[in-house]
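There are 2 protein chains.
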Amino acid sequence: MGVNSNRVEHLGCNNGSSIKVQAEIQMPPLQIHKVRLPPERTTLQKLRHRLSEIFFPDDPLHRFKNQTCLMKILLALQYLFPIFQWAPLYNLSLLRSDIISGLTIASLAIPQGISYAKLANLPPILGLYSSFVPPLIYSLLGSSRHIGVGPVSIASLVMGSMLSETVSYSQDPILYLKLAFTATFFAGLFQSSLGILRLGFVIDFLSKATLVGFMAGAAIIVSLQQLKGLLGIVHFTNKMQITPVLISVFKQRDEWSWQNLVLGFGFLVFLLTTRHISLKKPKLFWVSAAAPLTSVILSTILVFIMRNKAHKIAIIGELPKGLNPPSSNMLCFSGPYLALAIKTGLVTGILSLTEGIAVGRTFAALKNYQVDGNKEMMAIGSFSRSAVNFNAGAQTAVSNIIMASAVLVTLLFLMPLFYYTPNVVLAAIIITAVVGLIDYQAAYKLWKVDKLDFLACLCSFFGVLFISVPLGLGIAVAISVFKILLHVSRPNTLVLGNIPGTPIFHNLNHYREALRVPSFIILAVESPIYFANSTYLQERILRWIREEEERVKANNESTLKCIILDMTAVTAIDTSGIDTLCELRKVLDKRSLQLVLANPVGNVMEKLHQSNILESFGLKGVYLSVGEAVADISSSWKAQP
Amino acid sequence: MGVNSNRVEHLGCNNGSSIKVQAEIQMPPLQIHKVRLPPERTTLQKLRHRLSEIFFPDDPLHRFKNQTCLMKILLALQYLFPIFQWAPLYNLSLLRSDIISGLTIASLAIPQGISYAKLANLPPILGLYSSFVPPLIYSLLGSSRHIGVGPVSIASLVMGSMLSETVSYSQDPILYLKLAFTATFFAGLFQSSLGILRLGFVIDFLSKATLVGFMAGAAIIVSLQQLKGLLGIVHFTNKMQITPVLISVFKQRDEWSWQNLVLGFGFLVFLLTTRHISLKKPKLFWVSAAAPLTSVILSTILVFIMRNKAHKIAIIGELPKGLNPPSSNMLCFSGPYLALAIKTGLVTGILSLTEGIAVGRTFAALKNYQVDGNKEMMAIGSFSRSAVNFNAGAQTAVSNIIMASAVLVTLLFLMPLFYYTPNVVLAAIIITAVVGLIDYQAAYKLWKVDKLDFLACLCSFFGVLFISVPLGLGIAVAISVFKILLHVSRPNTLVLGNIPGTPIFHNLNHYREALRVPSFIILAVESPIYFANSTYLQERILRWIREEEERVKANNESTLKCIILDMTAVTAIDTSGIDTLCELRKVLDKRSLQLVLANPVGNVMEKLHQSNILESFGLKGVYLSVGEAVADISSSWKAQP
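Chains A and B supply the protein sequences, listed in that same order.
Residue numbering for the first sequence follows full-length UniProt numbering, beginning at 1 and increasing consecutively.
Residue numbering for the second sequence follows full-length UniProt numbering, beginning at 1 and increasing consecutively.
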């Protein structure tokens, strides 16, 4: 084929007329391209392709192609344990920045670990354990270089709330601990099985809008719970909803103590100020990173000095030092509470996973490397900690090892120092940590861009506040899924017109310069044609035709003769959809209107062929583009008027 | 603009080379079209438009536009009561065909009414009531001219099975009757509230595939249940699943009676033969329509003659004649069984609705008028009856009135004649009616066209057979919805190439003649970009780019410089999708690759604009078509090499 002989001449036009209809079609001889079936594949090939797209979208084995056997083993080791990737290149300058960031994060991790344990109603020492063991595992397995690993605030809160609604820690601490361990075990099991089965996409169904609302609601609940510590209330509700918490706060007004209040709000203001400074100037990240430890040290000294005067200030008290024996005997897989433990584990697992992946992705985008969602499921990071780690210049996962060592030293030798640490400071630390989760700017953006997303956000926010954490999450997911289903069951249909001087056909409402083509109506269906929308689409298309016929009659234009369905956005079709097309064709045939398909995609062509519809449409029923359809059909009308 | 100055010259090409890459781009001066934002609309306008698309896709008020006030009232009356439409035009010849079809259908309705009542374990007289009252209502309200209204076999079966699993009719007939009435009341309430709230789309989620499997499973279960009657078994299970029914059949072998067997299978063969004849020659429709009544009459006479010899043949026995007092006192809205009644009502309501709408649509398509799904919900038709009605030449809803009168006469005067009618004939009538629901040809077509649809069909089939009717239905709906979600969360992405001599870009794998454009990779995303697929799409797009770069390097082609995303099929985007585009752009920017969007649809443009992304893409970042993008970008490279 030569270059010039193939030029396609396009519709001439005259947009001077006021009715916005092309007056005359000038059509030189035109080459019409045949619409083809996609190359044949067996069912097995299609299934394999589909499954690999579902489970291995990132093609994890691509690095192994065209490599020697030894190289393959090395690459496999590097893939499974990223430590082999960076260890050979490790040097002193990397070590220096890792030590600094490791120690910085330890100073954040120790007070946070104790505080988060309190959130889940667990002994503070367990919080430190969880800042010590997981980072070591993550430094072996994880794929992000900046994630600081440790307990996640939301997950801790949810676990605490779900368990204490049934079992009270103060009444039966052993049972409570057992349940907490079992729930954690199931959370881990759930996460790693998701990872191993490569079901990362399950997590995708928690939309960002849902999470914004959920996090904000949870942050408010956590903060309100801290009023117990801030006000020094002794008798406090087990419930998590906003109403019982507020009632509890105001009913126990006689238990409020001004010493707690002053100390708590003092440190809260201090912590929030340092946080604000670090947010404004990222270079001063260490200000907010060091603030919690500073507060703990200052308040402990303060309480120690006034220990004879301020009895009303609750303190942590005796903390055992050293390492506990492994806790596998704390797991219980039987009894009436197993269902509760599994449910709690599932919810906390999903939550910490979501937060972890979101965190990893954020930092990966900043530094331009990729995080493997399916691998992340084995080890989880917490947000505030990762931010500090990133800002402190962590280069490799060694910073996690340094951090773990610092925590270990604390566990072994420094625990008695926390005897006089007041609970009120821990409450202030928790509030500061969760306040950052209230992302009102994101909520405002949701409102501006997508009202339905904003609704999902609001629902999960109020669901968490007033009903319960898992139910709030459930409602939000349901709204997100409903939005998808609504979009699928009521898809857009558009009337297209030709943009003068181009082969482009576009929405008439959107492009004012687009012109109707006389005797044609060109409809674009903006969705796959499924059982869920096939009846709707049939009705809608018939309505478009009815309205066009009325318009044509009112304006005395040439009568409608042909309906072109632009199938570009119809990316799939099922048997109900095929039946609808068939039926539509029959109905239009009876009214002597021609139905033509333009640009059906590969798998739609295939399905039409398999159900023998393509044959009934015939040669002149399917075109490669709207332009070719218009040109060919109108020239055939001229040939036989 | 003149006609000739607007011609667009297209990419020349040279497909002689073996690497299938366009060798040289010949680009005359080209007019680039600005991509516009859609005309602005307020949130309220958008909401109103969206809601009217969801609830009023058929624009039910279009007839009222531009009419006088009096005309409007008349039209409203005609809309609410179609009887006003056809009554003024009614004449004697219409009446003749209506009388014929009314009587024909009555001869089918009387034995069917009695049989279906037995399916739901109700006294046969109630079946006749339901063939008498609803048709009168439908002739006032319904929109289809051919629907024969009456109890639906599947709905009767499901109600009978769901109720008798908890309450046995033989042990507590009053409670059973009360529950049946209450369930029917809720079914009606559910249907009419769906209709009034215009939620017809809820029904759309039962896909055709699901229904094919469900109907076949239900038909088999109904038929197996009739073995009780055919074999003359007295002690029979209450359960509906296939296993307990078969066990029950073979355990009670001593109760089998050969008289029943001979009589039953004789009439079954007769009925199936007449059915076959009518299917082969639609003109002989009356053969199968008259067969049930003929069988009833023949068998009654036969049993009457042999009444002293054949004691083992179970007969209907005493039937009260005349009309019962209204049954509102049979409704019970309290007590432990209310939940069961509501559940049963919901399921039967959905089922009879689905069957009714499917029936109405089928006949409407044949005769080319439209059925209003939302209005259908107030009155329901049964399939076999409508087919007879259609074939018998029913012209208006008067045929329903004639039919109802015939049933009324039967109720008032002819009930004692059914005293000797053997149950076994009723069983044969039921089997003949439900056998038609097993549509193996449709199942084979599903297998050929869409394997996942076939799977949904199989699941609902086996779910109904082995688990239970509502659960089987639930599984099938879940599979259908899962299919939609899977399509949304793992959408196709395609690499496009230019079809030489045209402005058309198409899938490289599908069109072998399509050529890659050097230095470009053109990706089409075949789905809205949602939270559910945004992370997947980002990974998949980066993988396409990686693979393209590897290919380019291996073949020594010109390096990749620009990625064009064809957004034609991206019919919607949410906030997560926008974030993904942003992030993708940042990642590619770091690798000095240009990201360009082609042909974004109206609402995507709007969202991009609202979130200030459009500005960051700039003038050279969004094009109206892939062709213009390629042309403009490559000419800009030539200008500044």
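Hints were generated in silico from the structure; no laboratory data involved.
Incorrect hints may appear among the rest.
Stated by the list, open to error - Derived DSSO-like pairs (lysine-lysine); straight-line CA-CA distance at most 30 Å:
{"id": "1", "chain 1": "A", "residue 1": "LYS590", "chain 2": "A", "residue 2": "LYS620"}
{"id": "2", "chain 1": "A", "residue 1": "LYS281", "chain 2": "B", "residue 2": "LYS590"}
{"id": "3", "chain 1": "A", "residue 1": "LYS46", "chain 2": "B", "residue 2": "LYS620"}
{"id": "4", "chain 1": "B", "residue 1": "LYS638", "chain 2": "A", "residue 2": "LYS283"}
{"id": "5", "chain 1": "A", "residue 1": "LYS178", "chain 2": "A", "residue 2": "LYS280"}
{"id": "6", "chain 1": "A", "residue 1": "LYS72", "chain 2": "B", "residue 2": "LYS553"}
{"id": "7", "chain 1": "B", "residue 1": "LYS553", "chain 2": "A", "residue 2": "LYS451"}
{"id": "8", "chain 1": "A", "residue 1": "LYS451", "chain 2": "B", "residue 2": "LYS586"}
{"id": "9", "chain 1": "A", "residue 1": "LYS280", "chain 2": "B", "residue 2": "LYS590"}
{"id": "10", "chain 1": "A", "residue 1": "LYS561", "chain 2": "A", "residue 2": "LYS590"}
{"id": "11", "chain 1": "B", "residue 1": "LYS309", "chain 2": "B", "residue 2": "LYS239"}
{"id": "12", "chain 1": "A", "residue 1": "LYS309", "chain 2": "A", "residue 2": "LYS343"}
{"id": "13", "chain 1": "B", "residue 1": "LYS620", "chain 2": "A", "residue 2": "LYS590"}
{"id": "14", "chain 1": "B", "residue 1": "LYS620", "chain 2": "A", "residue 2": "LYS448"}
{"id": "15", "chain 1": "B", "residue 1": "LYS553", "chain 2": "A", "residue 2": "LYS586"}
{"id": "16", "chain 1": "B", "residue 1": "LYS448", "chain 2": "B", "residue 2": "LYS178"}
{"id": "17", "chain 1": "B", "residue 1": "LYS251", "chain 2": "B", "residue 2": "LYS280"}
{"id": "18", "chain 1": "A", "residue 1": "LYS239", "chain 2": "A", "residue 2": "LYS178"}
{"id": "19", "chain 1": "A", "residue 1": "LYS620", "chain 2": "A", "residue 2": "LYS638"}
None of the values given here were measured: they were computed from a predicted structure.
Checked hints:
| no. | hint | verdict |
| --- | --- | --- |
| 1 | LYS590(A) to LYS620(A) | 18 Å, holds |
| 2 | LYS281(A) to LYS590(B) | 24 Å, holds |
| 3 | LYS46(A) to LYS620(B) | 38 Å, violated |
| 4 | LYS638(B) to LYS283(A) | 43 Å, violated |
| 5 | LYS178(A) to LYS280(A) | 43 Å, violated |
| 6 | LYS72(A) to LYS553(B) | 22 Å, holds |
| 7 | LYS553(B) to LYS451(A) | 46 Å, violated |
| 8 | LYS451(A) to LYS586(B) | 27 Å, holds |
| 9 | LYS280(A) to LYS590(B) | 25 Å, holds |
| 10 | LYS561(A) to LYS590(A) | 12 Å, holds |
| 11 | LYS309(B) to LYS239(B) | 33 Å, violated |
| 12 | LYS309(A) to LYS343(A) | 46 Å, violated |
| 13 | LYS620(B) to LYS590(A) | 48 Å, violated |
| 14 | LYS620(B) to LYS448(A) | 25 Å, holds |
| 15 | LYS553(B) to LYS586(A) | 53 Å, violated |
| 16 | LYS448(B) to LYS178(B) | 47 Å, violated |
| 17 | LYS251(B) to LYS280(B) | 39 Å, violated |
| 18 | LYS239(A) to LYS178(A) | 20 Å, holds |
| 19 | LYS620(A) to LYS638(A) | 15 Å, holds |
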